[in-house]
Structures are given as structure tokens and as C-alpha cells.
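A.B. asks: The residues making up each chain are set out below.
Protein chains: 2
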Amino acid sequence: MALEGQARADSARDWVPSRVIIEGVSPEVDGGRLPIKRTVGEEVVVSADIFTDGHDAVVAVLRHRPVGSAGWAEVPLVFLNNDRWTGRFTVTRQGWHEYSIQAWVDRFLSWHKELSKKHEAGQPDLTSELLEGATLVREAAERASGPDADWLRERARFLAGPESQSARAWAGLDRELVERMARYPDLRGLCVYDKVLSIMVERERARFGSWYEMFPRSAASEPGRHGTFRDVEARLPYVAGMGFDVLYLPPIHPIGRAFRKGPNNSLTPGPNDPGSPWAIGGPEGGHKAIHPGLGTFEDFDRLVAKARGLGIEIALDIAFQCSPDHPYVREHPQWFRHRPDGTIKYAENPPKKYQDIYPIDFECDDWKALWAELRDVFLFWIDHGVSIFRVDNPHTKPFRFWDWVIKQVWDKHPDAIFLAEAFTRPKVMKRLAKGGYSQSYTYFTWRNTKWELTEYMNELMLGETAEYMRGNLFANTPDILPEYLQVGGRPSFMIRLVLAATLGATYGIYGPPFEHCVGTPVRQGSEEYLDSEKYQVRHWDLDAPWSLRDYIARVNEIRRENPALHSNRNLRFFHVDNDAMLCYGKSTPDLSNLIVVVVNLDPYHTQSGWVHLPVHDLSLGSGPGETYQVHDLISDARYLWHGDANFVQLDPHVSPAHILQVRRRLRTERDFDYFM
Amino acid sequence: MALEGQARADSARDWVPSRVIIEGVSPEVDGGRLPIKRTVGEEVVVSADIFTDGHDAVVAVLRHRPVGSAGWAEVPLVFLNNDRWTGRFTVTRQGWHEYSIQAWVDRFLSWHKELSKKHEAGQPDLTSELLEGATLVREAAERASGPDADWLRERARFLAGPESQSARAWAGLDRELVERMARYPDLRGLCVYDKVLSIMVERERARFGSWYEMFPRSAASEPGRHGTFRDVEARLPYVAGMGFDVLYLPPIHPIGRAFRKGPNNSLTPGPNDPGSPWAIGGPEGGHKAIHPGLGTFEDFDRLVAKARGLGIEIALDIAFQCSPDHPYVREHPQWFRHRPDGTIKYAENPPKKYQDIYPIDFECDDWKALWAELRDVFLFWIDHGVSIFRVDNPHTKPFRFWDWVIKQVWDKHPDAIFLAEAFTRPKVMKRLAKGGYSQSYTYFTWRNTKWELTEYMNELMLGETAEYMRGNLFANTPDILPEYLQVGGRPSFMIRLVLAATLGATYGIYGPPFEHCVGTPVRQGSEEYLDSEKYQVRHWDLDAPWSLRDYIARVNEIRRENPALHSNRNLRFFHVDNDAMLCYGKSTPDLSNLIVVVVNLDPYHTQSGWVHLPVHDLSLGSGPGETYQVHDLISDARYLWHGDANFVQLDPHVSPAHILQVRRRLRTERDFDYFM
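Order-wise, the sequence lines are chains A and B.
According to this note's numbering, the residues represented by the first sequence are 1 to 676, in order.
According to this note's numbering, the residues represented by the second sequence are 1 to 676, in order.
Treat the hints with care, as some may be off.
Because identical chains share one entry, a pair is satisfied inside a single copy or across any pair of copies.
Calculated cross-link-like contacts (lysine to aspartate or glutamate; reagent style EDC-like; alpha-carbon spacing at most 16 Å) [claimed, not checked]:
#	residue 1	residue 2
1	Lys427	Asp49
2	Lys117	Glu452
3	Lys412	Asp636
4	Lys534	Asp579
5	Lys117	Glu348
6	Lys345	Glu114
7	Lys195	Asp30
8	Lys353	Asp366
9	Lys352	Glu120
10	Lys427	Asp617
11	Lys407	Asp376
12	Lys306	Asp194
13	Lys345	Asp125
14	Lys352	Glu114
15	Lys534	Glu114
For the record, the hints were derived by calculation from the structure and aren't laboratory data.
Start from the sequences and build out the full structure, keeping to the hints where you can.
C.D. replies: Right, dumping it as C-alpha cells:
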């Protein structure tokens, strides 16, 4: 169909109000004020309640287009039940896309339905009905052109002609007539849904990716030296070897001297303590400068290029706050709040004082210049080849700043991806996502039990939230060493890795502490690391025998090879009759790639249970004796499973999880089965 | 607070975008496109998600006013939890009312919160903080006038003055300062919710009333005669005696002769058969005329006046369809659809034909004149003292016609009440309600089991549906003799009466068949009455000994005397450990009137069970030994109940239900208890 919306609306203008109601449209974020999100190649499934009075036939179409296109693509909406209709389309181009709905009472289809009933009921005289149909078809011929017009005109003549009633009735009920008539509907009475809804279509990496966070200054090959971009370059094969797509670096800018923090966040640093990278800005520059200890812009650009060569993108941390030594403080004191004595206000959370941090005053009188400058920070690093930004504490800056700045950047650079590091209240996190953030940190880091994981993942990955929010499941961060990892030893790291990497299409770890299974907090009850890299340079022996690097590499390889793991909305939990075990699956829409994950959540003990798969829904055969093969992609073991209940036992000290590729039986030859 | 919204919005115009988010506003019907409903004196409870970035204090107000008022009334929104806020107001004037929300970051309250924390933490130097506060108070003084301005100016001086830090800190934390400052907030950064939502405020009868439907032509005092309005007049004391508020008459217009239906819907009427009142229009006139057999306009006006004198309103049936003899057919043939041979199309539901009915074509070219004429039908009867209309089959006419006509009528006559007789799909029924219908027929008529009643009533009376839809629970209608009443005998009528009258603030019966326990259908499997009054004149002996008139009178008296039964949204179901028994309660907001109903749903057998009341929530005392009195208002029996579980047994052949007024113990004197 290639009907023009504007023409329809015009033709409807002086007509009686439409008899069709369109309501309950989904997805629609905050009444259509804010966009949903997709990546290129993903489907959008739209549903709505659509109905009219009486018994006439309704036709409804879903219209969509890249913003700025002249015409609309149209796909039919199909009736489900209880006045609910649904339709779907795939977005194929990065950038803004939009969709809406139109529906109308179709006079021809209403006539067709009635004729069909009367014909079936054997009503003897259909003269009047056939003449009415002839009129409708003749009118459509007027709207048509070319061969369709001729065809319809001829059919109208036939319906009103001298042939037998039976022949004419069949000509009226004919499928080809229905198809041709559908191209030229009578659109008086068209109902145009009063909102055009938008979609932010991003590149694949916004949906699927494995993140590795590390401190460049701890990347030196020998202990005691401050690491550089050159050292990070040397570390790239290690990171690529583990299969990561994104290498995320904490702030790389000059670090303030005033009120610098020492090791373990102490207030009394030594002269050689490097300070926290989040105390941004020194005499050497601010958010557009590089810490001299890390190297030069050439070094940085080279790192970005080398990483790209290994399939890795560099992500930067953008923390909009300043150390007292930041150039903004001298050059734009009006961008900060001042105390009555004229000094700039430092950050506080009474009774705590953060004298090393000056918060930016986003509401200052000079806000327009300030906002433009902060936007330019993103554009600056985009010019240096960076297009992934992890934004620090966005929930302490105005929502409408993010709405604005992300749109400003993204409209020019739709490759830009923004990750919101907002560990805060649910509605605040959701609002940041609605405002344009591609990805969000989540509560996954603290969800350990079967009930917690099931509830939270269902909230995050299914339903309305998934339309605009994508979790990036970090297993740990420099700020968060979860209690589970403090007490669970090496198995707990394997468990959390598998969960993060298979529950989430995007996940991350902070290494090397993660792969080295570092679980010691600065003190009991704290989630801070002991001797945290936030305040000091550390050195890691990458060849430590207890390292999980090979395990991580295998898990990331499995992720890459199995498209089922590249999405979130396909997550589905399955029953296991043991609360210490979690089972879930993901599959491609055509079920050709089906992954079932079984995890022992208990890092101490072997657990076992019966896993229940909905074999019918998963097309694994129907009969109870039907067998299928599950292939553990971690251990390479293969098992034959039967029916919907199968026994699984997992020893956390050997392998706490199965990542099972499920293979259907293709055919049986004598006593040997082939599996696809 | 008496702040002007427009002034606020203006002052905010050139300022930085607001830091506050307002979303998830409830109630909000279809994104604010359609109104919620209330009656005069009812509360509106509004909730919303409101938050800002960071930790600053937010203030939010709910603004409301009768549409057309110059100013807004404001009530505070109060924080609940998880960023949800709520506020409430009462509508006191009939007509359109509107509401919206405004919120802002309050700099003074943010300062106050911080000072309070620092003061509690014993921070030694508060010099800077107190000077900041002085500035904020001085700025508020500029916005204030009169004594407040002077008071605030003085307080600002004190905060910045030479007094001790402790004295000045207390002056900053002072409650009176907070109250005075709240009157003059700094509204730069105000967030104005982008929708103004509307409320249709109706009179009490739209919410609470007992309806009685009867055929005037069956009201003659002697058998065989066609009843008249005079006979209905004579019947008024009978109807008033049973305690009804609304007497609803099927169409009173001239009845068509062409294709008239005979008894039991036969196609071969005798010459004296009166026809169906819904085949509207004859040579004597149409929707603005009276059937000559019923009397004159004087008779009608007299009936309306007499009824009013007994506290009864006459409701008319408006059925927008025509018999072939209707004057519209001659005078406005363009208002109907035509067949190719020039004749007008009669109604059909293939293979059935309804040749006695011509549907009106609401989409005809002359629709504007048609719609105006149909509106005038309502206005015509309003001029004759009728303001309650039961609209026949509104779901077969365009929704937007109803939206338009109800607004047209209601804007001039806000006493008008419209009841939608739409027994159709749920979303269609809801859309009619959203479009302005005061009341709706419901599926109650077919909901018999405990599960069905609980589910359906919770859907209808709680949650979003209750914001715009009010069920009128009819126990039977001339079209519906439910199977339950066909088989259950007299107890089934008592059961359905109690359910309708106590579940619904508005309910109705069609009599005399109802009070006479008439349960014989035209044939097995049909819900049509045998010898239905729709097609013939009947005569009823009002003094039949099996009549339920006294039982009905008592139930309606209980309804009138107990304000708890005047609302729907206060319905709450309680547990009974017997699926054949249903228990629920209603109370006034202050719990001073509390009614608990226990019904045996089984019309054949005695049933018993333990009724569980949430005694704590209902303020019936806390201790397990606490007693309260339940007074069965039907039988006048009183029982002492203890704690939350009490035994009830009901014999349907004696009395299938308790309507219990619950009385708390006021005091105990020796061994005698007084109950309020």
C-alpha cells in the first residue's frame, strides 16, 4: 500500500467524524512524549485497541518511516482478540524513526461480510446486494488508475450485469476482488491516531556488547610505574583474547591537586599519590585534556586505532564535575555556586564534605554557554574516535540537560552510545533512559537469589521498561565489590559472570580484579575494594593461575557465536525444582538458535534439580519420548534430554553453570540420531 | 496558597528548563483526552511520580477549579514513597472541573534540610550557611507584601546579624519561617504539567439511585385494558413504597404498523396487538410524540410532577431508530440508507431481517442536521421535566455522536443523566462511558459465582475503570431473564436483589416480573420472557402473596439510611471459607457507617462458613477477645462477633443474605455493652 497520509487527512476534513476509535496504543512512553529504542534490524511490535460501533468491518494500518522521509511505509494491523490489534515492522536505518496508526470503517469489506453471510444462508434474492457491491467497486475504480481501474470497472459491470445471480455472487466474494479493492479504500471516515510516536534507532553495539573496565595507570608491565596509553595498547591483546568489545577507561584527564585523596580514600595523601581520576582538572587542563602521566593525544589516538583493529572500541568516562584546579574554575567561575564569602561551594553530603570536588551549577545564569561547552566535551572526544560514553552520576545533573545534550550529540553522531551510571531510585533511572541514554547500570549487581533475579530481569527485559531501557549488567565496578563476591570465592565470580553474560545482551566486568577473583573489601560491611585503584596505582600479574581469563574468553566466545544471546527481550525463565538453581533461555525469533542456561546460585555446594522446559513452545517435539540434545558450550559435554523434565547437577567448584545449546533431532538412522 | 499559574509560567519562560519531572499522573483517562467523573461532594485523589535530580527538596501542588473560574485552588501533594506523590480535593459544584499539577525545586527547603543536617551533626561553623539563608529569606521578602514582607525582612536581618550562631541557626530552622517562606516560593524552574485534566461533576443521582423499570401499557388496573399515564400515576405509590428513586419507562412514542411484531416476537400480529415500543414512530409522530393510547402531554407532565412529589424521577428510553411509519422517513429520507431500488434499508443481521426497523444513517451527507435533530429530542423531553435518559443500543451508533450530543445537552443541562444500554464488548462499553455516559449497564446480570462477582466488581468499582464508568446493576431487564432466575425460584430473586442493591450504588429491576419472581422463558435456552411485555399488554396482580415488594422496600430503605451504600469505590471483598457464600463491605471514609453483606449464592441449600473481617483495618478493635455487634438490617437480629473470624449460616428459603450494620463497642458497664 502506498497511500498518502496527508491526502487521507485532507479528504476526511469536511466529513462526519470518524466512527473508529484508536486507543491503548503500545509502546508509547509517557503518553508519547519520549521515544522507544531499537537497534538496526530489530522489530517493533505495535498494539492498539481499535473498534467501531456496530458490526462494520474495520481496517487498520501501522505507518512508519525514518524521520524526514517523504512517504510512509504501511503494514497491516491484524486483529488479535478483545478489540486488540497488532502489527510489526523492522527498523533498518540508524537515526530517528516514527510510527503511528490509521484505521477506517471499510464499506466494501462490510458489504463483503454481509454478502458472504447471506450467500451462505442461501438468501434467494441478492439483486439489491449485488447492485450495492457494483456501486462500491465502481467508486473504487474511480480512485484507481491503470490496469486496476480497468479491472475494477469491468468487475463492477459484471456484478450489475445480466449473468446469473450465482455467478455474480461468486464474483463479489472473489479473493482477487478483495485484494484489489484493498488498494483503493474509501477513506472518508478515516481515523488518524493523534500522536506520531518516535523511535531512537541505534547501532548494534547499543544492544549487544561485552565491556571491560580497567585503569590505564595500572597497566604498566612492571610494578611501581604509572601506566600509560602505550601500556594499555600492550594490554589490548589480553582484552581482545577474552573476547571483549568495549574497553572502558575511567577519566583520563588531569587530576586536581587541591584536597587530593590518598590510598583508601584517606585525606592525607603522600606527594606521589596519584589521586582519584574523578577529581577532574588541573593546571594541565580539564575535560578536553589528557593526564600527562598517561601520554599524549597521539598516544591516545593510536590506542583508539589499535583497539579498533582488534575489534575493540574505547569508551570514556564523562564525569561533569571539577577539581578546584580545573580551568573552568578560573575561566568560568559563574558556572559554579558561590558561598557568601565569594569562594566556590564544594560538594557536600552533610556531615560529609568533598572539598576536592566542585559541582557544576547547571542552573547558573550562564547556563546556555555552560551547556554548550559540556556538549562540546562529547564532540571533542568523538573527534578523537570515541563514540561510547559512560556518564558518571547523571542523576545528580538535570534530566533536561541530558535530554538536550544527548539529542544534540546524537543527531550529528548517531553512532554515539551513552551509558548512564545512575545507581539510584527506579523512576529516576528510568527517566534517564527515556531521555536518550542507550544503556543503564542496573540493580543486577545486588540481585543474587532466584526470586530477585527472576523478578528484576522480568521487569527490566520484558514489558514496557524494555521499550526504552537497556541494562548493562556489570558484575562489579571500582565502586562496587558486591558482598556475594566477597564471600563466595572463585565459584561466585564464575556464577556472576555467566549470569551477567547470558541474562544481559550487554554486560561488563571491572578487571583485572574480576578475573583475579579479588574479593577483599576495605573493611567489613563496605563494598569498596581494599587498596582501590580509584586512589592508587596497582599492578596485576595477568598470568596468575587462578585467573578466570580463559573461562571469560569461552563465555564471550559463546556469546558471539550464538545470536540468541544478542537480545534481551527474548529472555524467558524456566522452572527448576530447587531454589538454589536458576534456569532460563533465549532464542532467535525462528528458534534456530536456542540457548538454555542452568546456573547453580550456591557458590559453596553441589546442587541438583529437575529442569522443566516447555518443549512444545520451543519446538523440541511433542511426544513424551521425544529426545533432543543439549550441548554444554562451556564443557563441550552433550546430553540427550527427553520431554519436559530433565535432571541437572552442578558442582560450583568444577563448573557452576551449563550454557546449553539445544539441538532438535533432525532424523534417526537405525540406532543413530543426527542433531542439527 | 493563592499563586497565579499564569504568572508562574511567565516568570519561568526565559529560565533554564525545570529540573523537576512530573509523570505517571493518575487519574488520567486515555492520556487526558477524556474526563473522569464525580458527583458533587465526592473526592478526587490524584497521584503522580514527581522527582528531581540530586537531593534538593521538591514541592508539588495539585491545582483545580471549576472550568471558567479565574483562579485555581491549590492543595499540597504529599510524598508517599518511591517518588510517588498524592493529593486530594472535593468537587462541590456541578459542571466541568479541571485539575493539573505544578512542582518545583524549592531552594529554601533544600537549604533548610541541609542546615538541619549540619546543625544536628554539630558542624562548628555555620557562618556561610546562615548568610546563604539570609539571602534566600531576603529574596522571598521582595516577593511578599504586607506583614509577611516585614516579618521576612526582619528574619533575614537576624540570620545575617550579630547574634550567636546557635540563636541564628534556630531562627533558620524555625517552623514559622518555613510556613511563611512557603507562601512566596522562588518559582524559577517551575515545572507545569503539560496537561489540564477534566472532571465531569454530576449530581448525586448519577452515582446513587434505585431504578424501577415498567411498561406503562401494562399498568391498567383491570386486565385487558391498555394502560395509560394516569394508570402509571396510580402506580406511583406502589413504586415509591418499594423505595425507588427512578421510574424508567420504555419508549412512550407512537408505534409503527408496518411489519409490526405480534406476541412472543411473532411475525403475524393480530389487528389489536400493540407492537414493540422500540419500533418508534407512526402517523401520530416520532421521538417527540406520545403514543395516543398512553395519553396526552398534559397527562405526561402531570405524571412527571406527581412522581417528583413522591421523590421519584421519570427516566425515558431513547432509542434512535425508526419504524417505517416514522415521520423522519417521509420528511428526511436522506437520513437513512437506501437500496439500489430506492427503498430504505431495514435492519439486518444476516440471515435475520428486521423489516420493522430502519436504522438511522449517522454518516449521511445531511449528518449535521440529523445530529442536531437527535440532540433536540433530548432537549424536547428535558423541557417536559425529564432529565434521566436510558439510551438504547448506543454501541450501534457512532461514539463521536455520543461524545458530541452528551456534551451539547449536558453543557446546558448538567442535571441530565445518561445510561448506556450497551451489552457488548468491554472496550466498547468503556469507551461509551469515557465519552460522557453517566452510567452503564454491566455484565452483572450474568455474573453469579463468587469468583465471577469478585473479579468483575473489582474491575468495575476499583482502579481506573471506576474513574469514568459507573455500573447500574440491573438484576433483570425486558430483554434479559437470566438463567439463574429461571431456575432458582424466589430465593434467587432475593439473592440477586441484595447483590445488585448492595454491590452497586445504583441498581435496577424490571418489574412487576421481578418482584413477582417470574422466571419462565419463551423457550428453553432463551433469556426472553414468555409472553414478554415487549410485544403485548400484560396485567399484574400487585397483591400477589409471593411478591417481594416488602423485601425490596426494606432493602431500599436500608440503602437510603446507610451512606456507606451510596458509593462504589469503597467496595471491599472479605474472605469466607465457602465458595457458595460471598462477603463484602462498604463504609463511609470515616468508618462511622460500616455495612457488611453476607450472601448465600446457592438458592437451593443452606450454606454456612466462617467470615473473615480485617478487624484492625475496620477499627473494630485489636485484641482477639474484642467484641463488636453486627445488626442484620433485614431481619433486625443482632449478633455479637469476636475477632476476625465469625460463623454465618444462611437458609435461602428463609433469608439468603445478611445486610449487617457493624457497631463498635462504645463502653462496657458491668456486664452490659453499649454499641454505637
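A.B. asks: Decide, hint by hint, whether the structure agrees.
C.D. replies: Going down the list of hints, with the structure as the test:
no., hint, in the structure
1, Lys427 to Asp49, "between (27 Å within a copy, 8 Å between copies)"
2, Lys117 to Glu452, "neither (54 Å within a copy, 34 Å between copies)"
3, Lys412 to Asp636, "neither (46 Å within a copy, 79 Å between copies)"
4, Lys534 to Asp579, "neither (37 Å within a copy, 63 Å between copies)"
5, Lys117 to Glu348, "between (76 Å within a copy, 11 Å between copies)"
6, Lys345 to Glu114, "between (77 Å within a copy, 13 Å between copies)"
7, Lys195 to Asp30, "both (12 Å within a copy, 12 Å between copies)"
8, Lys353 to Asp366, "neither (26 Å within a copy, 76 Å between copies)"
9, Lys352 to Glu120, "between (83 Å within a copy, 13 Å between copies)"
10, Lys427 to Asp617, "neither (34 Å within a copy, 30 Å between copies)"
11, Lys407 to Asp376, "within (13 Å within a copy, 53 Å between copies)"
12, Lys306 to Asp194, "neither (50 Å within a copy, 49 Å between copies)"
13, Lys345 to Asp125, "between (90 Å within a copy, 15 Å between copies)"
14, Lys352 to Glu114, "between (77 Å within a copy, 11 Å between copies)"
15, Lys534 to Glu114, "neither (75 Å within a copy, 28 Å between copies)"
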